[in-house]
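Engineer: Place chain B on chain A using the hints.
Number of protein chains: 2
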Amino acid sequence: MRVSQLPFAPIKTIPADADSKNHQLLVQAGFVRQLMAGVYTYTPLGLRTLNKIRNIIRTEMNKIGGQEILMPMLHPKGNWQRTGGWDNIDVLFKLKSRTGKEYALGQSHEEIITPLAKEIIQSYRDLPLSLYQIHWKFRDELRSKSGILRGREFEMKDMYSWHESQDDFEQFYSQVKQAYIKAYSKVGLMAKVTEASGGSFSNKISYEFMVLTDAGEDDIFYCPSCDFCVNQEIAQQKAGETCPRCSNEKLKAARASEVGNIFDLGQKYSQDFELTYMDKEGNHQYPIMGCYGWGTTRTMGVIVEKYNDKKGIIWPKTVAPFDIYLINIGLDPKQAQTIYQQLQAMGLEVIWDDREDQTPGSKFAQADLTGIPIRAVISERTGNKIELKARNEEKTSLIEIDKIPQVFNE
Amino acid sequence: MRVSQLPFAPIKTIPADADSKNHQLLVQAGFVRQLMAGVYTYTPLGLRTLNKIRNIIRTEMNKIGGQEILMPMLHPKGNWQRTGGWDNIDVLFKLKSRTGKEYALGQSHEEIITPLAKEIIQSYRDLPLSLYQIHWKFRDELRSKSGILRGREFEMKDMYSWHESQDDFEQFYSQVKQAYIKAYSKVGLMAKVTEASGGSFSNKISYEFMVLTDAGEDDIFYCPSCDFCVNQEIAQQKAGETCPRCSNEKLKAARASEVGNIFDLGQKYSQDFELTYMDKEGNHQYPIMGCYGWGTTRTMGVIVEKYNDKKGIIWPKTVAPFDIYLINIGLDPKQAQTIYQQLQAMGLEVIWDDREDQTPGSKFAQADLTGIPIRAVISERTGNKIELKARNEEKTSLIEIDKIPQVFNE
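Chains as they are written, first to last, in the numbering used here: chain A, 1 to 410; chain B, 1001 to 1410.
If you are wondering where the hints come from, they were derived from the structure by calculation, not from laboratory data. The reader is advised that the hints may include incorrect statements.
To be verified - As a list, the in silico SDA-like pairs of lysine to any residue whose alpha-carbon atoms are at most 20 Å apart:
(1) Lys96/A / Lys1021/B
(2) Lys94/A / Pro1044/B
(3) Lys1101/B / Arg139/A
(4) Lys118/A / Leu1035/B
(5) Lys1096/B / Pro76/A
(6) Lys77/A / Pro115/A
(7) Lys1021/B / Tyr1307/B
(8) Lys77/A / Leu1035/B
(9) Lys94/A / Val1091/B
(10) Lys1096/B / Leu142/A
(11) Lys118/A / Pro1044/B
(12) Lys1101/B / Ile89/A
(13) Lys96/A / Asn1088/B
(14) Lys1094/B / Val91/A
(15) Lys1118/B / Pro10/A
(16) Lys94/A / Thr1013/B
(17) Lys94/A / Lys1101/B
(18) Lys1096/B / Ser144/A
(19) Lys1118/B / Ser4/A
(20) Lys1118/B / Leu6/A
(21) Lys1101/B / Met36/A
(22) Lys1094/B / Leu35/A
(23) Lys12/A / Glu1119/B
(24) Lys101/A / Arg1143/B
(25) Lys1077/B / Arg139/A
(26) Lys1077/B / Leu35/A
(27) Lys118/A / Thr1013/B
(28) Lys96/A / Arg1098/B
(29) Lys1101/B / Gln107/A
(30) Lys96/A / Gln1107/B
Claimed, not checked - Quick partial rundown of chain B residues pointing at chain A, CB under 10 Å, derived from the structure:
(31) Thr1043
(32) Leu1131
(33) Asp1140
As the list claims (entries may be wrong) - Listed next, with one range per pair, are the computed distances between beta-carbon atoms:
(34) Glu1217/B / Ile329/A: 51 to 61 Å
(35) Leu142/A / Gln1122/B: 32 to 42 Å
(36) Met1190/B / Ser397/A: 50 to 60 Å
(37) Thr1318/B / Glu274/A: 38 to 48 Å
Please read these numbers as outputs of a predicted model, since none were measured by experiment. We treat Cβ as the ideally placed atom computed from N, Cα and C, and that holds for glycine.
In isolation and in its complexed conformation, chain A is listed as follows (with noise of 0.2 Å):
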């Protein structure tokens, strides 16, 4: 990609209402654009990022056997009211036809889900089963604030799963904490399990994902030592305590940001729409159901969060926009041209600054404002060569093109 056939152009001037890093850095570099408070456009470096994240979690959810679907976002009252979200979810967007049937819009999919769920279970022998989407949520939010971490509208993967028995569930509830955590650590973030409440229809613990950072909304309990990590809500401990697992550290406060969680919903969903199987034994039983959120949209702005410095965004590599921002300082366009579809021949996603009333320095800021892994220069005096810098380090290196992939596989 050409940088000056990039729309939106990255701006100097922080945006007036940005109340925290990601918000401000993904507008200035060119990554979102704010339709109103928390509902934004994803331009086409952010698309490419976000289809990077998404890749990240559906490789993994289909590893675990997940099935990808794509449940609508417009719900019928009726299957609200028949779990009472209608009434008791004060998030839940509703509307009216003009005819006067009453729609919600999607702020989750158990609604929607159990009954198709229904549709395909019907024995011991369809379980279990799990089926995921990636797909776009509202909620109404009184105060929708810090970019795109808290959204009225936002993209989740969401998955939900059933089970003969509690300890199949279970079996397959530690299945896909270890998907989330590699796949977390994949797209850059270190996350921690922490416990939390079940949420407003059980008084199950849930499992949330944490990210330790300062533009979260959560406040955390953690050890040091083991992976010991509660939710301020809902923990027995107070900060300074020693750790009740290992008992080797205190525990630390921080504030933490959620990108995952995952519920057990036991059989409250299945007993709404009653959906049952057929048991070895020939009995009617409800299957025990899970749901695994996991926010695309906010972990872009989590990665955000995390990964910034004066000068800009520095993305990880699995989940940044192109590879290499690559910058001419005086070779001959065409030249510049040849080298630009050399690195593409190599596989390598390439983003070119070919602007020609732009100084170095300017290009340079650019490059380093959009977080591009590697910024790449040629010039008269590189020759044959290229300078490499990393986004997060001070020292250049001079590279043979030819030797750039194995740079690049290391």
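Structural biologist: Just chain B now, with coordinates in the frame of chain A:
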């Protein structure tokens, strides 16, 4: 993929409310499920086909310089008031937040993309520009019918472009037309470019892409000899009259389904949102805007309307969810699995009917209903060969396994 793990099994009885072939067959073969009239879930099979349609369109839009973005579905009332749409568009869904803010659900995105373009376009150097998205839309239809042909929630590719002059616009317009015809042909459809009315805000002519099918909602006149085609709504001719373009043939009347449309929006939205650019002489001008729609989910429905027989769907190869439907008659399941993996290793997308409780006849019926282009049978009799049969042919042929890739590249 194994059929034993496929959720949403085929349904033998025709759904009671199916008023069209696409509704009937997509539900029976397990590609979609209806949540309510005009609102559907896409199953793993359905999503695979939808993704293929999306990618074919995406490729052609990228080739002509379109850049992909993703815009919100929840729109502020103000944007729709500004263009008159809030009061004049009867299919616009409207809703209110808890705090009384009013929103529309996007039924098209001129109201959102014009303010975005304002940020990108300052000078004639920023033109032409074309941006598109592949995303969901909502329409408060009084009557939603014909399966996924006319949805209350449906997906579209919508592209928008801006130009300095009418000439430049016409040039791009004709590029898009060619790209559309190419992409329709890739998904298996012969689309007729049809003159139609310019819509509620324009007295210009627009072009609709029409596929002849009795399930359609439009009536057109077309010439069997040249490419003359006009929507009856604006036609100055009658069926049986001599073609006004080529004079070779008499016009025929036909029923058709609109799978895409392109509009010359003139300066309407540029003026509504005060979008101007500085021309070469330093004067502020309103750019000419074009809009190019393509219903992705509707296209899936139209393909089914065109390609089916009494046994089920007959997907064109390019949009089929799988290349091969593999059926094992009596071979050891381990041997079958080896062949399944061999075919996958050749880069083919294989669905293997591994169910042991089904008769060969029932597997044949499912292969036909699902509409996979090639049915492959292995048995004691086929030895190290596979019996292949195209979905739309009667003859079978025995092919050595390692020659299969050649067959598929023919």
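Engineer: Now, for every hint given, state plainly whether the structure supports it.
Structural biologist: Evaluated hints:
1. Lys96/A / Lys1021/B: Violated, at roughly 30 Å.
2. Lys94/A / Pro1044/B: Between Lys94/A and Pro1044/B the Cα gap is close to 29 Å, so the pair fails against 20 Å, i.e. violated.
3. Lys1101/B / Arg139/A: Between Lys1101/B and Arg139/A the Cα gap is close to 13 Å, so the pair holds against 20 Å.
4. Lys118/A / Leu1035/B: Distance of about 13 Å is within 20 Å: holds.
5. Lys1096/B / Pro76/A: holds (17 Å)
6. Lys77/A / Pro115/A: Holds: Lys77/A and Pro115/A sit about 14 Å apart, inside 20 Å.
7. Lys1021/B / Tyr1307/B: Distance of about 10 Å is within 20 Å: holds.
8. Lys77/A / Leu1035/B: Measuring from Cα to Cα gives roughly 12 Å; hence the hint holds.
9. Lys94/A / Val1091/B: This hinted pair holds, its Cα atoms lying about 17 Å apart.
10. Lys1096/B / Leu142/A: holds (12 Å)
11. Lys118/A / Pro1044/B: holds (16 Å)
12. Lys1101/B / Ile89/A: holds (18 Å)
13. Lys96/A / Asn1088/B: holds (17 Å)
14. Lys1094/B / Val91/A: holds (17 Å)
15. Lys1118/B / Pro10/A: Answer holds: Lys1118/B to Pro10/A is near 15 Å, not above 20 Å.
16. Lys94/A / Thr1013/B: violated (35 Å)
17. Lys94/A / Lys1101/B: holds (13 Å)
18. Lys1096/B / Ser144/A: With Cα atoms ~16 Å apart, Lys1096/B and Ser144/A stay inside 20 Å; holds.
19. Lys1118/B / Ser4/A: Measuring from Cα to Cα gives roughly 17 Å; hence the hint holds.
20. Lys1118/B / Leu6/A: holds (15 Å)
21. Lys1101/B / Met36/A: The hint holds at about 11 Å.
22. Lys1094/B / Leu35/A: Holds, at roughly 17 Å.
23. Lys12/A / Glu1119/B: holds (14 Å)
24. Lys101/A / Arg1143/B: At roughly 12 Å apart (the allowed maximum being 20 Å), Arg1143/B and Lys101/A satisfy the hint.
25. Lys1077/B / Arg139/A: Cα-Cα ~17 Å, so holds.
26. Lys1077/B / Leu35/A: Holds: Lys1077/B and Leu35/A sit about 12 Å apart, inside 20 Å.
27. Lys118/A / Thr1013/B: Holds - the C-alpha atoms of Thr1013/B and Lys118/A are around 18 Å apart, at most 20 Å.
28. Lys96/A / Arg1098/B: holds (15 Å)
29. Lys1101/B / Gln107/A: holds (18 Å)
30. Lys96/A / Gln1107/B: holds (15 Å)
31. Thr1043: With a closest approach of 6 Å, the Thr1043/B hint holds.
32. Leu1131: It holds, given that the least Cβ distance between Leu1131/B and chain A is near 7 Å, below 10 Å.
33. Asp1140: Because about 5 Å separates Asp1140/B from the closest Cβ in chain A, which is inside the 10 Å limit, the hint holds.
34. Glu1217/B / Ile329/A: 51 to 61 Å: holds (59 Å)
35. Leu142/A / Gln1122/B: 32 to 42 Å: holds (37 Å)
36. Met1190/B / Ser397/A: 50 to 60 Å: Distance hint for Met1190/B, Ser397/A holds at roughly 56 Å.
37. Thr1318/B / Glu274/A: 38 to 48 Å: Hint holds: Cβ distance 41 Å, inside 38 to 48 Å.
Hints 1, 2 and 16 from the earlier list are contradicted by this structure; the remaining hints agree with it.
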